[in-house]
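Based on these hints, arrange chain B on the given structure of chain A.
Read top to bottom, the protein sequences are chains A and B.
Sequential numbering of the first sequence, starting at 1, is according to the numbering used here.
Sequential numbering of the second sequence, starting at 124, is according to the numbering used here.
Everything labelled a hint here was simulated from the structure, so no lab data went into it.
Quick reminder that beta carbons are idealized off the backbone N, C-alpha and C, glycines included.
One should not assume that every hint holds.
What the hints assert, rightly or not - Calculated pairs, DSBU-like style, for lysine-lysine (alpha carbon to alpha carbon, straight line, at most 35 angstroms): (1) B:Lys-213 - B:Lys-249; (2) B:Lys-249 - A:Lys-37; (3) A:Lys-58 - A:Lys-93; (4) B:Lys-213 - A:Lys-58; (5) A:Lys-58 - B:Lys-249; (6) A:Lys-58 - A:Lys-48.
Claimed, not checked - So the derived label-pair ranges between C-beta atoms look like this: (7) A:Ile-64 - B:Glu-186: 43 to 51 angstroms; (8) A:Ile-74 - B:Ala-172: 44 to 52 angstroms; (9) B:Thr-135 - A:Lys-48: 55 to 63 angstroms; (10) A:Val-14 - B:Gly-133: 51 to 59 angstroms; (11) B:Glu-186 - A:Gly-19: 43 to 51 angstroms; (12) A:Val-14 - B:Ile-237: 50 to 58 angstroms; (13) A:Glu-46 - B:Phe-238: 21 to 29 angstroms; (14) A:Val-40 - B:Glu-265: 37 to 45 angstroms; (15) A:Phe-114 - B:Ile-237: 45 to 53 angstroms; (16) A:Lys-31 - B:Lys-249: 23 to 31 angstroms; (17) A:Glu-117 - B:Gly-293: 52 to 60 angstroms; (18) B:Asn-154 - A:Leu-65: 52 to 60 angstroms; (19) B:Asn-154 - A:Leu-23: 52 to 60 angstroms; (20) A:Lys-48 - B:Phe-238: 27 to 35 angstroms.
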Amino acid sequence: MMNYVALLMLLIVVVGFVGVTLLGSHRIGPKRHSAIKDAVFECGIESKDNARVRFSYKYFLVAILFVLFDVEIIFFYPWALNVETLGVSGLIKVGMFVSVVLVALLYLMDNRVFELESSEEPA
Amino acid sequence: MTNLVDPPEGVTGQGFYLTSLEKAVALARKNSIWPLPFATSCCGIEFMATMGSHYDFARFGSERPSFSPRQADLLMVMGTIAKKLGPILKQVYIQMAEPRWVIAVGACASSGGIFDTYSVLQGIDKVIPVDVYVPGCPPRPEQIIDGLMNIQDLVANESLRRRHSDEYVGLLQQYGIE
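Same shape as in the complex, but just chain A:
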């Protein structure tokens, strides 16, 4: 047990030194407080309003749809590599897949999702 006394001493010295220097600089160092000094942002421009406001989700919708249609392109790669072995039946299957995706795209366009400028809310 006595072997650990040195370790305990080290721990006390380390914690003590860090504590004393941190508290010392906090106590001794000069401080100045004002509305600008204590402001959250530090870019030099006055901050305005609250960040928790409502804003249009249109861009988010476009971004998430891009990801969706982008991933669908991946399904074409295995078909493109095996287009000869899959033959006509493969072409029909891919045609069905594309038509489903196309219907979804037409549905989105019908709902004016991609018209970012329009003031009307998409359904």
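Below, chain B without anything else, positioned relative to chain A:
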């Protein structure tokens, strides 16, 4: 092991060394100035050379240029400050940690330089107090280092009570800083 800096005046005995708190604090502050580069034009390019390995700004304890005013001791204004930028510079200065120093690098920051026009601030000391002016258009890295070493002298010889003095508060009030 060699000393990176010489210890301040003090009493040395067997196994101990005594000095005043003011001198110890000055030594620490002098050799760990964290600069905030506020570079707007060509003097900033010279500062990049000063920061780089050839001129090695870090030798003076300014290893870490701070891009947040909260953790900076020295505001280095390098370049033309337009009047529109004046309030922004002032806000950055106010948000710096105490104690803080300011160095105006180059003719534009010091006096407006060649831009004697309606849109350019004729020296940053119109909006914030300045400690050291570095002349030149733009100054060479050696001159910027000389300016920094002058700041180091100011830091080393500053009284711990200066920032609490009425004189200093009065100085800040001249600039409308609380």
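query: Looking back at the numbered hints, which does the structure fail to meet, lowest number first?
result: The structure conflicts with hints 4, 5, 10, 11, 19, although it agrees with all the remaining ones.
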